[in-house]
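Assemble the whole structure, with the sequences as input and the hints as a guide.
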Amino acid sequence: MKTRTLLWFVAPSVALMLVFIALPLASVFWQSFFVTRTLFQEVTVESCQPGFLTQTCTTELRSQPILRDGKPVTERVFVGWENYRLVMRPDALVAAFSPGGGGWADVRQIDFWRALRFTLTFTLVTLPLVIGLGLVIALALNTAIASLRGPIIFVSLLPFIITPVVGALSIRWLFIGDGILTAALRWLTGENVIMFAQGWTIEVLLLTYRVWHVAPFAFIVFYAALQTVNQDTLESAVVDGASRFERLRYVILPHLAPFMVFVALIHLMDAYRVFDEIVGFSAQAHHISLQWLTYSLLMPDGSGSRAIGRASASSMLTMIGIVALLIPLLVRTWRDHHQKG
Amino acid sequence: MTVRAFRLSPGLKVASGLFLVVWSVIAAFPLVWTALMSFRLPLDALSSDPMAVILGPVTLARAGGVSVVDLVAVAVAAIAAWWLPARHGAAGARLLAVGGMEPLGWVLAALLYAVALGIVGLLVLPPLVGLVETIVGVLPLVGGLAPPVVGFTGEHYEAVWIARGFHKEFVNSITLTVGVVVVSLSVGTLAGYGLARARTPIAFWILVTALIFRALPHSVLVAGYLPPFLNSHEILQPLWEMPVLGPVLGLFSDTAPTLYGQPWAVVLVLVAINQPFTIWMLRSFFLSVPTELDEAARVDGCSQFGAFWRVIVPVMWPGVITTGLFSFLLAYNDYLVTSLLLDQANKTMVPAISQFLGSDNTTTDQIQAVAAAVSVTAPLFLLVMVFQRQIVSGLTLGAVKG
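Protein chains in written order, with my numbering: chain A, 241 to 581; chain B, 847 to 1248.
FYI, nobody ran anything at the bench for these hints, they're computed from the structure. Worth double-checking, as some hints may not be accurate.
[What the hints assert, rightly or not] Computed footprint of chain A on chain B; a stretch qualifies when at least three of its residues, placed anywhere within it, have a C-beta under 8 Å from a C-beta of chain A: (1) 883 to 893; (2) 1008 to 1022; (3) 1046 to 1052; (4) 1057 to 1071; (5) 1180 to 1189.
[Stated by the list, open to error] Over 12 Å on every C-beta distance to chain A, these chain B residues come out as not near it, computed from the model: (6) Gly-910; (7) Val-953; (8) Leu-1128; (9) Arg-1156.
Note that CB positions come from ideal geometry on N, CA and C, so glycine has one too.
Here's what the structure looks like:
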């Protein structure tokens, strides 16, 4: 295919991505250096109350938004790195680690660092769990009776396709009030464990939820890959006296390696933007993620204004994070491509 | 192939069987349990005694219930509903494929199936089962099977769908989702095909850029959309006042639109967010379509687009359906984008659920939220039932050809 023809074919798609992805990115970068302020003016207001003989009048100086056509007038001010400073709070960081500061405990009071800590823990802890669980299910299913495989795959797909917010809610409802799992935990441990009361149990639930949600994806990919393992190699391994574990270690796992890289890549991208389960569990009092931080800055606050500048700064920082996480995998893909080409 | 060493030892066999059972229970349990809860009165649904949730004694006493006959009827109907599409779905789709358009056949068959399921489930089955119940009730030995034994109430669903207006949000969700799927596939197939057949470095760079775009958290993009969407009237107004372009645009709307809250603007946003994934997946699919097909068409004198239209389009539907399923899931499941960019009037189902949670949490409100959540899940459940094979092949498509 000629380059010109290719360009015609991809034009609509590329145009959409340029207008709705690249352009917003550029504008977020630009916005992160500005603050939109509502203009206020000082107004002298005289308010009088009827009294005996004379009115009592007081004048006071009030500041109120300047209105034009019924809308408050706003101005955009260039503030440089101010938004980034407000999000990352370097002053508070320095204070936390200078003598008399509270160390890490203080750092965790700052939304951005709290979100970064949680997002990274979440991404890196769920990654091996998802791959491990997916692999075990795939290996187990591979030995199951053929007629049972269809139903098991059907049931396994349910956690994967369910709306994430709803999935998180359905797990939360198992614990609500005196829910069945709360009762089960009390029966198991003999203590009253309330899962949604303290930070660490919520964190465990958030991680568990994500593993439950994504393991089916890893499982399906690995299961399909298991069907393409070279049977001749397996047989010669048996002839050479390899045990079941050795066959797994030296034949099957190397065959699965590229599929694991694929699952890891997709999972890194998806886990890094953890958001829905925080909404579903209403976990924001204890744990927030980077994406949740931006979201909450974008939502209108009490007075109806949105902190667009700070949201943009936190967006840019979020983006830098995911690019940094992905670089090793991207470099690998790049090298593979060049070796092939 | 039967090599003895490949056979599992009994211990390992039992262990792996047990593991699969445990996993299946874990996978299905939360969904099954919430579905049960939604049919019980709050006293039963929120009870710490599992049997109360399963049998619903309070519900039985206060709101009535279902008999053994009903349960058997539902079980039979469920098995039939499962078995029919699996056995005859493909034949039905072929029958409905007007003018040889197989995907159209599939879509029509799925729609027809959903409608038939609704009619049979809501209109035909209840009177029929009632009739059987009356007959069984007067028979001597089996009379015990007719009176209700398990508590059951549909009042939460009624409250959610009718009184609290969930049907509007359902329509909004479906409109948005269908819009996203249609636009996303029409744009994506062209690009996917082009990228699969191109041998220039540009194709590689487009794909790598798309991969990076796929990694972006959606809130990053929404931060970029919000200010222009809120102020789009002021920003776009000059276009409407331009000499030639203005009157043309005026045909669509009198003044420049405010994009915030417009469903079609959100459709475009979701399509763009989904585009990197779509073109990667469709490219993988088109790589598996033999090049000889379109080359033959080219030799016979077709242009590249003609070859695509006449030769590739008729064979691309399996890949397109699979990709479409994932676009459907993305749009249907979205919370972040729709809750930030749509206003109250166009709200979709998923953000609406969190509203149920926010309202002054009586226990009835909670169970209504459960019913709403189950209502959101039901279409997805049907989707997996009909399209299980396509979803599985879609999950592996990216991995195998990536």
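Exercise for the section: Please flag the earlier hints that this structure goes against, numbers listed from lowest up. Expected result: 2 and 8
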